[in-house]
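Keeping their order, the protein sequence lines are chains A and B. Here this note's numbering is used: the first residue of the first sequence is 98, the next is one more, and so on. Here this note's numbering is used: the first residue of the second sequence is 1117, the next is one more, and so on.
These are computed hints drawn from the structure, not numbers from a lab. It cannot be assumed that every hint is accurate.
Unchecked claim - Not the full set, but computed from the structure, chain B residues with beta-carbon under 10 Å of chain A: (1) E1153; (2) I1209; (3) A1231.
Said to hold, decoys possible - Mimicking DMTMM-like on lysine to aspartate or glutamate, the simulated pairs with C-alpha atoms at most 25 Å apart in a straight line are: (4) A:K274 / B:E1138; (5) A:K278 / A:D147; (6) A:K276 / B:E1137.
Being a predicted model, the structure only gives us computed values, none of them experimental. For every residue, glycine included, the Cβ atom is placed at its ideal position computed from N, Cα and C.
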Amino acid sequence: MSPAAVAERRDVDALTVIDAARVGRIFREESGRSVATLIRVLGDIDLAEDAVQDAFAIALRRWPDEGLPPNPGGWITTTARNRAIDRLRRESRGRELLAELALVAHGDDEVGATEDEEGAVDDDRLRLIFSCCHPALSGEAQVALTLRLLGGLSTEEAARAFLVAEPTMAKRLVRAKRKIKAARIPYRVPADHDLPSRLPAVLAVIYLIYNAGLARPDEPLLCAEAIRLARILSALMPDEPEVAGLLGLLLLTESRRPARLRSDGSLAVLAKQDRSLWDRALIDEGQEIVRRCLRRDQAGPYQLQAAINAVHADATTFEETDWSQIVLLYDRLLELAPTPVVALNRAIAIGELEGPAAAFGLVGELDLEGYQPFHAVRADLLRRLERAEEAASEYERAAALAPTEAERQFLRRGGRAPE
Amino acid sequence: MPRYLLSTHTVEGEQREPQGEEQMRETHRRLATIEQEMSASGAWVFSARLHGPETATVVRVTGGEALTTDGPFAESKEHLAGFYMIDAEDLDIALGWATKVSETIERPIEVRPFAGFTDEPGSGG
């Protein structure tokens, strides 16, 4: 073989090499879709999960030799369905179940042969996320199920992400799945009139997954997974402004993630971030979503937070930030979500607009004792008001509550980067 | 079809504003309407109210001998006060009925599935 041919061959290999890592990536992208479809077909979460695992095990054996099928996700769903049906045929109770499935499928031997009907498949993922985030399940169970079934995270990965022992996470998942089955939590998208009460839980779960990732820089999977889920949801529910708002908020927050941490691992506040590190593509996409939300004019908490982040993204330096715009947005947010944390963030914006004295007055009224950012903000305002002694004790309070050692040391230095 | 228990509990020592006679009649009228709705839709199976826990007796058989004691079984502050047994396609429908009852009696309702009534694999019918 000529050297050129060898080189060319190597290029081809680089493009087509299918190793465990590649199959793993495809698993993360596609398993949620397959699991969702199989739960509808089989009516059972465990059966569906096992079948999809089986299909990926087969893929891991075959794809490296045979190459990727044209539609890997579709291949997985079909293979999983066939495997599940084979397995059921071998068990007597399974044969009963198959008879029932055949009835449901109007005698069609190709049970649930619908994976090419894109609409039905997409609806499956929507069904699944609403089942995972059903109000009859605890918040912890909602997050665990969503990551496991839609995100394809293993029990071990989900446990690590939420800092619990693997058996604890396993028990949580088993209990939740048992409740879904025994109590018959429905597998369907809520009717329009129920959406206002059911959608917030779904959005909260995705937002929580993102924030868990933000707090754990060693777990990059979570932020990416939350954004992926928000993208799926916004594609499936294009008419829900808050779904778009959540996606916009996540994209704009994500755009700043490269600038969020200093080299020592402590948090860089907005004023101190190197804005050249912000991801322009994510900002553009997020701001476009915010503009569409503004045109629609049905403000909600996620949209307003996205809009606030869009204003920050517009400023090339901290000093150029349009604080009056941000205060206006916080005013509206506080009307819709009157929480002390929102009030604290509004006070910070007012501090930039009117000076630290105005902000300090507002912050003093808040009941956020024990909330680390509250003490860090007070410390910063006291420092700017040149009340050094009070600032020092407030920095100490914030340091005692800091989530990481780097953060603790940063605050103990009085909010100064190391020399 | 799945079957659910909708139960309500009294809480010992809990002070509730006493209902006037007119108010009580109104509550009963509304409950009767809900029960009619349940019957008409095929959901209603059975419903009952219980006398207080001080009327309860516990029988315990140990070594072939029955021991009868006064009082409720569980040493808790909450005691079963009444229940509905209903058939519903799924939990959302059962929760819908529970919401209506809870609104009327102004008490929380616990919704629990009966075992052996769903037609899911492994449930045995």
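Here is how each hint holds up against the structure:
A cut of 10 Å between beta carbons decides the hint on E1153 of chain B: the least distance to chain A is about 18 Å, and the hint is violated. Because the smallest distance between the Cβ of I1209 of chain B and any Cβ of chain A comes to about 8 Å, under 10 Å, the interface hint for this residue holds. For A1231 of chain B, the shortest C-beta to C-beta distance to chain A is roughly 7 Å, which falls under 10 Å, so the interface hint holds. A threshold of 25 Å between alpha carbons decides the hint, and for K274 of chain A with E1138 of chain B the separation of about 46 Å lies outside it, so the pair is violated.
Distance hint between K278 of chain A and D147 of chain A is fulfilled; the C-alpha atoms sit about 16 Å from each other, no more than 25 Å. Only pairs whose Cα atoms come within 25 Å are accepted, and K276 of chain A paired with E1137 of chain B is rejected, the gap being roughly 41 Å.
Consistency with the previously given hints fails for numbers 1, 4, 6, ordered from lowest to highest.
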